[in-house]
Amino acid sequence: NAGVTQTPKFQVLKTGQSMTLQCAQDMNHEYMSWYRQDPGMGLRLIHYSVGAGITDQGEVPNGYNVSRSTTEDFPLRLLSAAPSQTSVYFCASSAPHRANTEAFFGQGTRLTVV
Amino acid sequence: GQNIDQPTEMTATEGAIVQINCTYQTSGFNGLFWYQQHAGEAPTFLSYNVLDGLEEKGRFSSFLSRSKGYSYLLLKELQMKDSASYLCAVLLNNAGNMLTFGGGTRLMVKP
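Protein chains in written order, with my numbering: chain A, 3 to 116; chain B, 671 to 781.
Each hint should be verified, as a subset may be incorrect.
[To be verified] Derived Cβ-Cβ restraints for the label pairs, each shown as a range: (1) A:Gly53 - B:Pro677: 23 to 29 Å; (2) B:Asp675 - A:Val14: 31 to 37 Å; (3) B:Leu744 - A:Met21: 38 to 44 Å; (4) B:Gly728 - A:Ser82: 44 to 50 Å; (5) B:Ala686 - A:Gln109: 40 to 46 Å; (6) B:Ala709 - A:Thr7: 16 to 22 Å; (7) B:Ala709 - A:Pro77: 23 to 29 Å; (8) B:Thr683 - A:Asn67: 33 to 39 Å; (9) A:Val14 - B:Gly728: 39 to 45 Å; (10) A:Arg112 - B:Thr683: 28 to 34 Å; (11) A:Gln109 - B:Lys780: 37 to 43 Å; (12) B:Gly710 - A:Val116: 18 to 24 Å; (13) A:Ser86 - B:Gly728: 38 to 44 Å.
If you're looking for bench data, these hints aren't it; they were derived computationally from the structure.
The structure displayed is predicted, hence computed values, not measured ones.
No residue lacks a Cβ here, since even glycine has one placed at the ideal position from N, Cα and C.
Make a model of the complete structure from these sequences and hints.
This is the structure:
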């Protein structure tokens, strides 16, 4: 029972490099989202998707792109990495029509931009 | 805008009871979640309140007052393993049904 799987777990990038953080879920959840977590600031929403082919911006979308070609996958792309993007990134999924709608989180990707 | 406030840190003694408060002001409300997050790990679900009142689940209880924009998480019979961050999150009734999080409360349980 994998749940939400994120890769990689750790990554170091140089300023200006691009990369993709992978996220996959096997629970057939419609909703998926990306958050970043910085010390003292809690989790902040970057982008989210309510279904395949549909994405929208969250609170802090600048510098990131997403796509949702399948229900299972929701990759997050950093276009040109900056030190301000050093953070822990969490992907989450949820099933909106269930009573609880709790979000399930991946194990996180710890990204350092130097 | 959205505003969710909770204390940054709390300390309690093993075996005691601790209450972690959360106040919120949000445009739209579809429920309130509490998550537990151990250092270096993912948040995991603890409780969900959408109606006023107390929800009890073992050693953990969560309370909600929608009119006051207030919730608390009550942890009884504290154990060392309860040392973690506790995240309060409001479920917004927007198109994405997304969560807005407070900054989290880091709880340290001492012997």
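How the hints compare with the structure:
Our hint of 23 to 29 Å for Gly53 (chain A) and Pro677 (chain B) is violated, since their Cβ atoms are close to 37 Å apart. A C-beta distance of roughly 34 Å is found between Asp675 (chain B) and Val14 (chain A), which places it inside the suggested range of 31 to 37 Å. Checked against the given bound of 38 to 44 Å, the beta carbons of Leu744 (chain B) and Met21 (chain A), roughly 42 Å apart, stay inside it. Restraint check, Gly728 (chain B) to Ser82 (chain A): a C-beta distance of roughly 47 Å satisfies the suggested window 44 to 50 Å.
A C-beta distance of roughly 31 Å is found between Ala686 (chain B) and Gln109 (chain A), which places it outside the suggested range of 40 to 46 Å. At roughly 21 Å, the beta-carbon separation of Ala709 (chain B) and Thr7 (chain A) lies within the given 16 to 22 Å, and the hint holds. Taking the beta carbon of each, Ala709 (chain B) and Pro77 (chain A) are about 27 Å apart, inside 23 to 29 Å as hinted. Here the CB-CB span from Thr683 (chain B) to Asn67 (chain A) is close to 48 Å, at odds with the stated 33 to 39 Å.
One distance hint, 39 to 45 Å for the beta-carbon pair Val14 (chain A) and Gly728 (chain B), holds here, with the actual separation near 41 Å. Checked against the hint of 28 to 34 Å, the C-beta distance between Arg112 (chain A) and Thr683 (chain B) comes to roughly 32 Å, which is consistent with it. Taking 37 to 43 Å as the suggested C-beta distance range, the pair Gln109 (chain A) and Lys780 (chain B) does not conform, at roughly 28 Å. Our hint of 18 to 24 Å for Gly710 (chain B) and Val116 (chain A) holds, since their Cβ atoms are close to 21 Å apart.
Restraint check, Ser86 (chain A) to Gly728 (chain B): a C-beta distance of roughly 41 Å satisfies the suggested window 38 to 44 Å.
Against the hints set out earlier in the document, violations occur for numbers 1, 5, 8 and 11.
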